[in-house]
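Fit chain B to the given chain A structure using the hints.
Number of protein chains: 2
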Amino acid sequence: MIKIAVDAMGGDFAPKEQVEGAVLAIEKIKDIEITLYGDEVEIRKYLTNEERITVVQSDGVISMGEKDPIRAIRNNRQSSMALALSSVKKGENNAVVSSGATQALIAGSHILIGRMKSMKRTAIAPLIPNVDGGQTIILDAGGNIEIKPEFMVQQAYFAKVYAQEVLKIKNPKIGLLNIGTEPGKGRQLDKDVSLLFEENKNISFVGNVEPKEIMSPPCDILISDGFTMNIAMKTIEGTAKGMGKMLKQELKRGIIGKIGMLLSAANLKRFKRRFASEDIGGAMIYGLKGVVVKAQGSSKKVGFYNGIRQAVLIVRNDVLNKVQKIIESDVL
Amino acid sequence: MIKIAVDAMGGDFAPKEQVEGAVLAIEKIKDIEITLYGDEVEIRKYLTNEERITVVQSDGVISMGEKDPIRAIRNNRQSSMALALSSVKKGENNAVVSSGATQALIAGSHILIGRMKSMKRTAIAPLIPNVDGGQTIILDAGGNIEIKPEFMVQQAYFAKVYAQEVLKIKNPKIGLLNIGTEPGKGRQLDKDVSLLFEENKNISFVGNVEPKEIMSPPCDILISDGFTMNIAMKTIEGTAKGMGKMLKQELKRGIIGKIGMLLSAANLKRFKRRFASEDIGGAMIYGLKGVVVKAQGSSKKVGFYNGIRQAVLIVRNDVLNKVQKIIESDVL
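Chains A and B, in that order, are what the protein sequence lines are. Once you know that position 154 of the first sequence is 154 in the working numbering, the rest is easy, because the numbers rise by one and skip nothing. Once you know that position 66 of the second sequence is 66 in the working numbering, the rest is easy, because the numbers rise by one and skip nothing.
Chain A extracted, bound-state conformation:
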């Protein structure tokens, strides 16, 4: 049995979608047990099936817009997020899934679970959809504002193992997000990390990738420092939001247009769903002593279920030990 700790109170639609996602996971995946951490009364409103599900009462909440995430975690050791994280540290569960505030989850993971041995920095790695229906691992999406090239190599190892074991990609290719494709482009960091990637036999490096290819990159993993990647991720979000609005503004023009829009309703909904990333699941926090998956804050039932499924795959395929081995062989 794989044991999953679910932070039932984190997320825009918590605990409803988290609880329903957990029930869906129990129904779909037979060898798991789930512990839901949160407000027991609230949780039970949505708990239609208690098979292999336990509820643990929490106290205090880490709010989504937390300004000081480290203090929030320190002062709320009985919150659903903190209890779920601690349960992994204690060995009661194999993984945590949370839609709670990202920075609080990262800070909490550091404080309550800790970094993997020899791993210098953690990173958060979401997946984004491709034009061809696939997905790309994006890292670091915001953990490290400024970072050394060597630390990025460790993060690349992690992404590689994750791509192999969870996404089942045979020889994952990694690209560096940069302002031009030619070698030698970008900042000193980009030049330095390019050289490290090129000479590293553990990494299949395709070179620089421009953000204009971000939806159809020539690689499975796109890497940069946390600042740059966070800018890119949020620009995707902003562009998608802006384009969505503009599309709506234009499509509803004129009678014929309105009819066309009506007939296209189902297809437009499907298009929107591709960007909602519900089917893609969450972001793994790389570099911890335990498995932590951040499901999107806006997760609905299926999205949260996918986060749980992802956590199960990470545990089942022993990702952490496999990464640990590469990193230790590198240190020696």
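Each statement offered as a hint is correct.
No copy is singled out in the list; a pair is fine if it fits within one copy or between any two copies.
Derived DSS-like pairs (lysine-lysine); straight-line CA-CA distance at most 25 Å:
#, residue 1, residue 2
1, Lys185, Lys241
2, Lys67, Lys191
3, Lys173, Lys241
4, Lys173, Lys212
5, Lys148, Lys191
6, Lys201, Lys322
7, Lys212, Lys191
8, Lys301, Lys272
9, Lys258, Lys248
I should point out that these hints are in silico values taken from the structure, not numbers from a laboratory.
Relative to the frame of chain A, chain B by itself:
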């Protein structure tokens, strides 16, 4: 008369669209004269009206994918781009408009025109469309990979005067592109430049702006270093391209969907146009002793005409001298 030098050979559809754009400008704006630099035989194929238009034969071409733009300019002093730039230096023309390779145009502007007195760095500042039909000045879109905070202040002055004089915005607001809205977010550069903007009376600073608001920002000017802004700009391009493809994939599903798509054809075309930015025009290179406007490489006739119109407004409203005054009062 305002005299505009047009690089007729730069751009994906040169010289056709450049020549037709120039003819359109002559027809629409009565107090201008245009000199077209390029291959006279090619140019004359599209030159339907020679009123107030002169053609100057060039020799050699700066190609769009130029790997070494500085050498390209040095070795091609008789190219259409170099001749157009030199004509401004010599005082024969008031401004240059080119759809040629961006890096070559920036390098050529430095070599052949030179930096404005006391201006530490140039910058390139395109406009991007807003959700509400307006536009935002984006800088620096790629000139300076790494930059000092003080130099960003000078660029902000330039953007402010441009916004006032060309876009006719009364009190232009400036925002810093950053990974969070709270003060103190980002890298050391972001923290330092925030403090400089806050205490500067010449600048109306709204604070940090997240890229998820990039299509509807709470400001008229969005600023960052050239690396970050280039990443953001190219991410917009990549997301728009990817979303466009996904939209097409989804819209054509099923018979009803296909009919809907057909009925929406005109509206979809209008939507696409909003992103083609034809109506928005080009990017000004800030900080030079002359007016240089970079029209998009993919410019068609109307887009190139808008670049010319922009250059005329910059000259007519004496933008360079107004910026020079602010910068000099700041240096003293």
